[in-house]
Every structure is written in structure tokens, then in C-alpha cells.
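Novice: With chain A's structure known, arrange chains B and C on it following the hints.
Here the protein sequences line up with chains A, B and C, keeping their order. Counting in my numbering, the first sequence runs from 1 upward without gaps. Counting in my numbering, the second sequence runs from 1001 upward without gaps. Counting in my numbering, the third sequence runs from 2001 upward without gaps.
The set of hints was computed from the structure by calculation and includes no laboratory data. Among these hints, one or two may not hold up.
Partial selection, computed: residues in chain C whose CB lies under 8 Å from chain A [said to hold, decoys possible]:
hint	residue
1	Val2174
2	Arg2186
3	Arg2187
4	Arg2189
5	Ala2190
So the derived label-pair ranges between C-beta atoms look like this [claimed, not checked]:
hint	chain 1	residue 1	chain 2	residue 2	range
6	B	Arg1196	C	Pro2035	41 to 47 Å
7	C	Lys2168	A	Leu324	28 to 34 Å
8	C	Arg2210	A	Arg392	39 to 45 Å
9	A	Asn171	B	Arg1134	38 to 44 Å
10	A	Gly113	B	Ile1011	23 to 29 Å
11	C	Lys2168	A	Pro105	49 to 55 Å
12	B	Gly1008	A	Gly113	20 to 26 Å
13	A	Ala323	B	Thr1078	42 to 48 Å
14	C	Pro2040	A	Ile325	55 to 61 Å
The beta carbon of each residue, even a glycine, is placed where N, CA and C say it ideally should be.
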Amino acid sequence: MSRPFPYAYISCPCADTPVPDPARKRRSRETSHKSNPEDPNAPVPQDYDFEDERTFDPRSPRSNFSLYPPEQLLYCEDCHQIKCPRCITEEIVCWYCPNCLFETPSSMVRSEGNRCARNCFNCPICTAPLAVTTLENVTAGGSQQGPWVLSCGYCMWTTLDIGVKFDKPTNIRTQLSKMTDSSRGRQMSKTFSDLKSPLSTYSSIDDQFPLPSEIRGDETNPATEQSSGPLNPEARFQALKGFYKGQIASTSSSPNDPLADFGAGFSSPGALNRIMSLYTSSSRLGNLYGGTNKKPKSKPPVMREALTTSEGLRVPAPDTENALIRRMASDDCGWDGMASIEQRTFQSPDARFVEDLLPLPVLLRTKRSKRCKSCKHILVKPEFKPQSTRFRIRLIALSYIPLPTLKPLVPSPFAGLPSVTPAAAPNLDALSPLKTVQLLLTLKNHMFDPVRVTLATPSVTPGRVASKVTILCPQFDIGANSDVWDEALQGSSAPGDARASRSGTLGSTEKVAEAGKVWDKGRNWTTVVLEVVPGTLPGGGATRRNRMKQHDDDNDDDNDDSDADSDANVNALDWSGQTKDPNQQLQPDEDVLEIPVFVRMEWDSENQIDQEQSVGKGQNSDTVKRELAYWMVLGVGRISSEMGF
Amino acid sequence: MPPKAAKGEYIETDTGNKISRRSQIHGTQHIILGGKTVIQGEAVIRGDLYRTSTSSSASGDQGGQQQPATSTPSVAITIGRYSYISKQAILRPPSRLHRGVHSFYPLKIGDHVFVGERAVVEAASVGNHVHVGRDAVIGSMAILKDFAYVLDGAVVAPGMVVPSWCVVGGAPARIVGEVGEGYGVEGAEGGMARERYRLVGR
Amino acid sequence: MDPRQSQVHLKPPPPQHVRPSASGSSSPAPTPRAPVTAHPTTTVADTVILHGTHPISIGAGTIVHPRAKLYSYEGPIVIGENCIISEKSTIGAAPTQPPSLLRESRASDGLPIRISSCVTVGPLATILPGAHIHSAVTVEALATVHRRVSIGAHSKICSGCEVSDNVKIRDWTVVWGSGAGFGQRRRTRATEKMSSATAATQGIQALEGRVIEDARLIVLQKEREALVRLIGPGGGGRRR
Chain A
1 MSRPFPYAYI
11 SCPCADTPVP
21 DPARKRRSRE
31 TSHKSNPEDP
41 NAPVPQDYDF
51 EDERTFDPRS
61 PRSNFSLYPP
71 EQLLYCEDCH
81 QIKCPRCITE
91 EIVCWYCPNC
101 LFETPSSMVR
111 SEGNRCARNC
121 FNCPICTAPL
131 AVTTLENVTA
141 GGSQQGPWVL
151 SCGYCMWTTL
161 DIGVKFDKPT
171 NIRTQLSKMT
181 DSSRGRQMSK
191 TFSDLKSPLS
201 TYSSIDDQFP
211 LPSEIRGDET
221 NPATEQSSGP
231 LNPEARFQAL
241 KGFYKGQIAS
251 TSSSPNDPLA
261 DFGAGFSSPG
271 ALNRIMSLYT
281 SSSRLGNLYG
291 GTNKKPKSKP
301 PVMREALTTS
311 EGLRVPAPDT
321 ENALIRRMAS
331 DDCGWDGMAS
341 IEQRTFQSPD
351 ARFVEDLLPL
361 PVLLRTKRSK
371 RCKSCKHILV
381 KPEFKPQSTR
391 FRIRLIALSY
401 IPLPTLKPLV
411 PSPFAGLPSV
421 TPAAAPNLDA
431 LSPLKTVQLL
441 LTLKNHMFDP
451 VRVTLATPSV
461 TPGRVASKVT
471 ILCPQFDIGA
481 NSDVWDEALQ
491 GSSAPGDARA
501 SRSGTLGSTE
511 KVAEAGKVWD
521 KGRNWTTVVL
531 EVVPGTLPGG
541 GATRRNRMKQ
551 HDDDNDDDND
561 DSDADSDANV
571 NALDWSGQTK
581 DPNQQLQPDE
591 DVLEIPVFVR
601 MEWDSENQID
611 QEQSVGKGQN
621 SDTVKRELAY
631 WMVLGVGRIS
641 SEMGF
Chain B
1001 MPPKAAKGEY
1011 IETDTGNKIS
1021 RRSQIHGTQH
1031 IILGGKTVIQ
1041 GEAVIRGDLY
1051 RTSTSSSASG
1061 DQGGQQQPAT
1071 STPSVAITIG
1081 RYSYISKQAI
1091 LRPPSRLHRG
1101 VHSFYPLKIG
1111 DHVFVGERAV
1121 VEAASVGNHV
1131 HVGRDAVIGS
1141 MAILKDFAYV
1151 LDGAVVAPGM
1161 VVPSWCVVGG
1171 APARIVGEVG
1181 EGYGVEGAEG
1191 GMARERYRLV
1201 GR
Chain C
2001 MDPRQSQVHL
2011 KPPPPQHVRP
2021 SASGSSSPAP
2031 TPRAPVTAHP
2041 TTTVADTVIL
2051 HGTHPISIGA
2061 GTIVHPRAKL
2071 YSYEGPIVIG
2081 ENCIISEKST
2091 IGAAPTQPPS
2101 LLRESRASDG
2111 LPIRISSCVT
2121 VGPLATILPG
2131 AHIHSAVTVE
2141 ALATVHRRVS
2151 IGAHSKICSG
2161 CEVSDNVKIR
2171 DWTVVWGSGA
2181 GFGQRRRTRA
2191 TEKMSSATAA
2201 TQGIQALEGR
2211 VIEDARLIVL
2221 QKEREALVRL
2231 IGPGGGGRRR
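Excised from the complex, chain A in its bound form:
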């Protein structure tokens, strides 16, 4: 879900730093001071030596995994850290059907196959929800009698497409499963009893292949049910599962796990040990192969495969494939008659044609509570009821970190530019290269303590398209999120003014962005001005190329090996302007202007129990000085290839 410009993403520090320690934070403060562009005696970008002090590159492939929209982030009060979806564990609070919004008790979830047991179905063709409709409703007036069908309001599929109708409008899933498992109810008991057939208990090779007479004799009783049709896929799966369970149990060499089922027998550490010991101890190997004749107990356990229908074997009729192919090739099937791969994903493996597709009971969804992975504290706990949108606990990052919003400053007459007409807001989807854009960055504090914020950006954005960035006021305070009425009581005129100027249209005519001064300030928010000079795109011209080559060295994210070639090409094709060199071509989204901003916030908070987390004591012992630092990325816009004027 990409967002329209401008946007602000916040980087969860978990991607790079496992545990932040106060020492690291203090170091970052120094760098933020150094890279502060307003600090005249600061040599700006040199201190990239430390691994964790490197400028955050929004284009680095790893950034994909750490950047989140602010509303997706949580905050752990114990770790004092931003928590992204990767830093948390989830626990299911309840299961519910997204269609009928009824809860399914957790005891039922498994038996219902994670699907709604009521009347909720998805269209097997297009996945839209199906509605239970009666045919008599319209044809015979008000009477609600008569055959019922499931019909899709989107693609107009109905169960009549597969020749199915229902006698009553309730318990459709039961009715449907009765139809599909036509033989199930009758056969189930028998199937399971057959699993206990003497065949499955044989474990020696000699006994595993019974005499033909035995097979025939055994098949005589399933033969009757076989005539009624083969097992449906579910029953077959059950039969096979039971059969293999029996096989594992009977072939299992260790007497300790007679109850071994699939899980315990094959995926347990014990099984791994057995396999590993096969390779490590030659004596064991000798036992397995050499000791076969000693006693029946140490015989190599060999499993056999299913042999009868009741065990889940299915032998397709010899001409099945040909019949399928003939049907596919026939005129009344055609491309549209074939079930697509997506459609077949959730269907029986035998479903090839659209007629074979059955309505799909709706998959359940879950409400989940979330815990911090490191300290196990609960961060989010929704209310239990499926329909409720409230939370018992909800520690979202937005309650702690200032909410960033970015907005272009409508270029009113500011320094040097004569204002001919009231210019419109710059088109963020096509920013002209080298034309200064001013942006308003508003940080809104949701904490009840005032916050001191220090922002830092690299003076030039990382990557090939190097845009210059200046934050005119990198250090400022944001007021506390106090009572709304405080603002009203402080002065009635102030909020109106602030709002007007914040919108960037009114009151900004005389206002000029000044270095070192905040643009605007409200009760719990502060706006500062960002000045951005978008860089030029590759393939834009010679002047740009020189600059690009300067920054080629910093650019370490791709094609290091082709640098030599590219340099040669650059020299050779410098004047052509339309080179085919991949280095000259724009990579996808390389024209997106994203600014990494390092945010460090300090505040005095109420003293809590965990003093060891605090950085330093405040003036009085009741407050603790806290700080939090993170990277955020401001998506300003897309740089166009044409030069503006």
C-alpha cells in the first residue's frame, strides 16, 4: 500500500540495533549536533565511520524491513522502544468469521477447519461472498419456501452452476458437506474399523505383501462399498492418515513411543536423533543391516504403502486422463471452462473444470493481542468480542513519539523570488530538479510532557539522485499534550492564527522562513521549515553527471563491480544524453525524493520504578530525563526529468 506524497515513515531500530544502550545514544547526540547544518563550525558528513552511525539510507534494501507508517508502530513502556510488527509476538484472542462476524469458540476452530460453520461461503470462481437466496421469492411472491441456492452477487455464479440446491436456508455447510461427502457418514465408521485391519499391523517384509488370496479375501467386504463410489478426498485423506499412523506405530523400533503419531514419530527431536545416529554410529548401522536375522525385534522397520481403497489407495481408471483431455478440448469447455490455478488452490485436487468447484466456507479471521518480544509485556490487547473496536491495552507509538506530518509550503514571496502570481502548491509528483522546495514539517506531541526535539539530516540525500536538504530549525521544543481547554484559556485569538498560518495559505504572505526559528507553534505541536533542492536524475545532462560521479563513491547499494565500465561509458557517451548504459537509466523509484531524518527527543517524565533505564536525573528527583532516538523517512515527492525554471 504505497502512500501518496508527502508521507512520513518511521524506522524501527530493531533492524540494526538489537539493544540500544545509553552510551550509544549519547554518541548519537554528538553526531546529531555535528551534522546539524546550522552549526557553522561543524564539518558536516564525515563521521560515517561507525557502523551504527551511518546515515539511514531509505533506498537500501534493508530499509524495506524497518520502515513503517507511524500508525503501525507500537511502543513498549518497559523497553522504552518503538516496536514494529517484527518486534512483537501475537496471541490469538478470538476467532471470528469476517462475513457473519460471529465468534467461533477455539475448541471448534480445528474441527471446522478454520472456516465458518454457518452459512458463509465464498464464490469458488471469484471469491466474493455468496448469498443464500430463494428462487421462489420472486417467482411466487411472498412465500419463503422452496429451493435455496448460494449465489454470487459479483460474478453471478450460483450453486445451480454445479447443479446443487438446498432444501432449507440454514445449516448450508452441513447440507453441502452431506452432499459432497455422500458416502462419508455411512463409510466413516467402517473406514476407521478397516484401518485396524490385520494388514496394517504387519511389519515384516514377508508379511507385508500378503498372499493374493488374502488381498482378495480382504477386498471382498470393501468391494461392496467400492461399488458405491470411491472415497471422497477428505475421507481418503483420513484413511491415508490413519493408515500411515498405524504403519508408523507398528514399524517404530523403539517400544517407548507406541503412541507415536505423525508428529511425535517423525518431526520430534527423537526422530532426528534416530536419523543422526544412523550416520554417526557405525555399530548402529551394523545393527540395522547386519542384525536383521537375529531376532524379529531388531528387523529393519519397513513401511508399506496403502494397498486397498479402505486404506486410501485410489487407482484411477485407465482412460481417466484421456477423458479429461477430450473434455478440455471439447467446444463446450474451452478456456473459460477450466478452473484456474488460483481457483484450484482451495479445492479438491481432482477439480479441473469450473463445474467441479464447490463453494468455499469463509476462512476465519483472528483478533490478536500483541506482546513485546523482549520483555513479554502486553502492548495491544483488544476487547474479546469480535465486533468491538476497543482495546483494553493499546500502547501505540503515536502516544509517545511525535506524529510527523509533512506539507509543502506554498511558495509565497520568499527570499529572492519575485511573486508574480500566488503560486500553487508544487506538484509533488513532478518536482523540478534544482528548484528549491520548502516544506513544513509538523511534529505533534501526544505525551503529557513537553519534549525537546533535535532533528538531523544528511545535507545531501544518499543515493545517486542527490538532493540537498536543510532543516532551518533543527532544535525545538514541543509543548505537552495538555488539556485542550488550556489553549482556549490562554488566548482566544492565538489558535485561529496558528491554524491559518499552518495551512500555509493565510497569514503566510509576510512570513519568511528563517534559519534558526520555528515556523509555527501550537499547544502540542511545532512546525519547522525544510528546504529541499531536488537533485537531477541520471541522464539529465553533463552538469549533473559530474555531481553524480562525486557521489558515486558513497553509493554502495548496487553494481559496485560495474563501476569501471560505467565510468568509461560516462566519458564516452557524455554528450549523447540518451545512453543505454544501465547506470544512466533510472532505477525503479529512484526518482522518489526521500529524506532520512534522525529524530532525537528528550523529555522529563514522571519517575517510575525502573530507574536503570533513565539516562540522567532531572533537576528534582521526581522527574527522570528520558530520551528516544530513531530515524524517520520523509517522502517528499517524485523528481521529474524535465528541468523547471
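Specialist: This is chains B and C only, laid out in the frame that chain A set:
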């Protein structure tokens, strides 16, 4: 249409609704706006498709559930506070045949709802803080619960229910994800309604 | 629609005093009002735009919702009986050049749009000249039917789908999915008694798939009746 709106494009009502003069509202007496709602130009709102009590009396075979209120105009569309109907969007009450009678049902839209440009909403109910992207189609009698998020161009099938916090997209729409827990917080994604309202008409 | 007029009225104007052609008549270069022939039982809302040089004919029982746009610049438009044309749908193409420069040289029939009976055209749908839409077709909201397309009877073009130029769609076809390219899917609706493995094992006496369509058309009929009560002559619309 004039490309540049005249000075006062929006009319602000007593309750703070900002309604474009170029909006195309039909059957105003059947529409209830909760206040501070924005309706942009060329948005069509079909208040004239209201539920008639005559249709029920004409059928004659029921009337138990229906209000016999014939004098008061029935409500076709209600929109809550701080909702925003973008340009060229269409709001039309859903209709269906029930017990042999075809009637229109009220379209209820909650607070802080955003309806994108050229979206067609025929839902039965749209909860609070719902986002309907541009060019999205909400089919007849669909239900969008609170904090549902419909991506641009999605086609929510008729009768579909989109649970709270779910993101739906595609044609036909499926649940493709969930919005974060912070969705809907004032000022963040899903909580921009007041800001949006304030900027209208400036 | 008309800027001057709508600035006068806060509410949309009461339907009675605007004629469909009036919206164009006030603009400096008068847009030609298309010659319209409509059956007495046709309901055409007052805010419908009927522009163009070729004739437009609308059949009996058809309902044209407010704000629908019918442009007959490139050819005549024939709409059959019992259709529903929803709001803001566009039938025909708006003139690409100012109306004063209209091509008179075009052949008299041009690219006709033929819409048969019981067709539903959804909100914001677009049907371009040359389209031939057979009976009982549904073109849903925001769908686009391009030039010289033929859509077979009982077909459905789902929301947002596009049917490209010169495409012929068979009867009983549903075009669904997204857009015009690879996202688009098609399927054929069942019309007869269908059988499947499931049904066969149950021995279900299947109904013909047609009954679904019959039911849908009855619903459509009732919807039209309800609409006539609401936006028909009593409810604000106007019959011809």
C-alpha cells in the same frame, strides 16, 4: 464545469457542513448530514431513492415491521460528522427485493468517513473512520464496519461485510491486510478528518 | 451542471423547471440538443444530458437516472425497452472539439449505439459509440465498453472492467476481475441443467440455470416499478 471554482464554492450550513455549490444532491429532504461534513463538487447523492411506505401498502401482505409513518419523509441517506465526499463520488441507497417488494434501504454513513473521487457507494452501512479509495465500488447492501479501509479501485461485492481494521482491495475485493493499531488516531492515517474539513474552502 | 444556474440554487434546482436541453442552452456556443424520441412510459430524469446531432430514441419503460449523459455526436443512440441507465453514466462520446465545429460530413448513421431491452448500465459506466449491447446485459459501475463492441445477451461487465475495441462477447458471459489486461477474467453462466460430480452422487434434480436469470429480470422489473414511483412524474422525474 468551470475549472476554477468561484469565490465561495462551498456553502456552510448551520451545523458546519461544507457543501459545494456544484454538488449534485437529489432529494435533500431525505438526507441527514451530521455536521462538519464536506461534499465536493459533482458528487451525486441520491436522497430521492428513499424507502416508500406506499410500496409496502401496495403489496398489502405485511406492514408489521415497517413504520406506518407516511407523513414524515423517510431518510434515504445519513452521513455523520466530519465525513468527506470527494468529487464525482456517488452515494446511492441500496435496494433489494424482500418478500416480493422492491424497496430502497437507507444508506448510513458514519463519522470521519472518507469517500474518494469517483467512488460509487451503495452500501447498507458504512462505519466510522472508514476509508473508501478513489474509483472504488461498494456493492449493494455491503457493510463496511468501523475502521475498514477500501483500497483505490477495489470492488466490494454486493452484500460483502468488511470487518473492522481490515484492508480490502481488488476486484472482487478480498481482505488483503489490516491497518495498524494506531489507525484513526487524530492526525494520523485515518484520523485526518478534522484537518481535511478545516482545509476545505480555503 | 450549468454553473450559473447552480450557483443561484443552494439545493439542486427543483426538477420541473430544467429541461434536459436547458443546461446546454445557456453556454456561449449552444450545444446541440439531440432529437429525442421516447415512449410515453419512459422516465427520463430532468438532469439528464441529451446532447448531439444524431437522434436518440428511448424505449418503453426505460428509466434514465439523473445526471446520465447521452451524447449522439458520432451516431444515433437507440435504447430499448425496460432498461435502467444509472446516474453519471456516459453513453456515447462527448465532442472532442467545440460543438460549433461539429463534423457534419459524417455519414448519417455514423457509429450507432444500440442497447437492447432490459439492459442495466451502472453509475459512472461508459459506453462508447459503435457498441451493440444485447438484451438483459448488465454493465456495472465504472465499467467501460469501448467502440464497436458487441456484448451478447445476458452477459455482465463487472465494475471497473473494460471491454476493448472491436471485441465481441458471447451470450451469457461474465467479464470480471480488474481492468482490461491480464487481471480480467471471463466465465460463462449456466443456462441449462448443470451436472457435477457432487450433484450426480446426490441425484439432485437440478434446476435450469436460467431460473436465476429469470428471477433477476423480475427483480429488475420491480426495481423499475419502484423507481418510477420515486423519480417518475410524481416523484420528480418526467415522462414523455
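Novice: Each of the hints needs a verdict: does it hold here or not?
Specialist: Verification of the supplied hints:
1. Val2174: It holds, given that the least Cβ distance between C/Val2174 and chain A is near 5 Å, below 8 Å.
2. Arg2186: holds (5 Å)
3. Arg2187: holds (5 Å)
4. Arg2189: holds (6 Å)
5. Ala2190: holds (4 Å)
6. B/Arg1196 x C/Pro2035: 41 to 47 Å: About 45 Å separates the Cβ atoms of B/Arg1196 and C/Pro2035, which means 41 to 47 Å holds.
7. C/Lys2168 x A/Leu324: 28 to 34 Å: holds (29 Å)
8. C/Arg2210 x A/Arg392: 39 to 45 Å: violated (54 Å)
9. A/Asn171 x B/Arg1134: 38 to 44 Å: holds (41 Å)
10. A/Gly113 x B/Ile1011: 23 to 29 Å: violated (55 Å)
11. C/Lys2168 x A/Pro105: 49 to 55 Å: holds (53 Å)
12. B/Gly1008 x A/Gly113: 20 to 26 Å: violated (60 Å)
13. A/Ala323 x B/Thr1078: 42 to 48 Å: The hint (42 to 48 Å, Cβ to Cβ) is violated, given that A/Ala323 and B/Thr1078 are roughly 58 Å apart.
14. C/Pro2040 x A/Ile325: 55 to 61 Å: At roughly 58 Å between Cβ atoms, A/Ile325 and C/Pro2040 fall inside 55 to 61 Å, so the hint holds.
When held up to the earlier numbered hints, the structure conflicts with 8, 10, 12 and 13 and fits the remainder.
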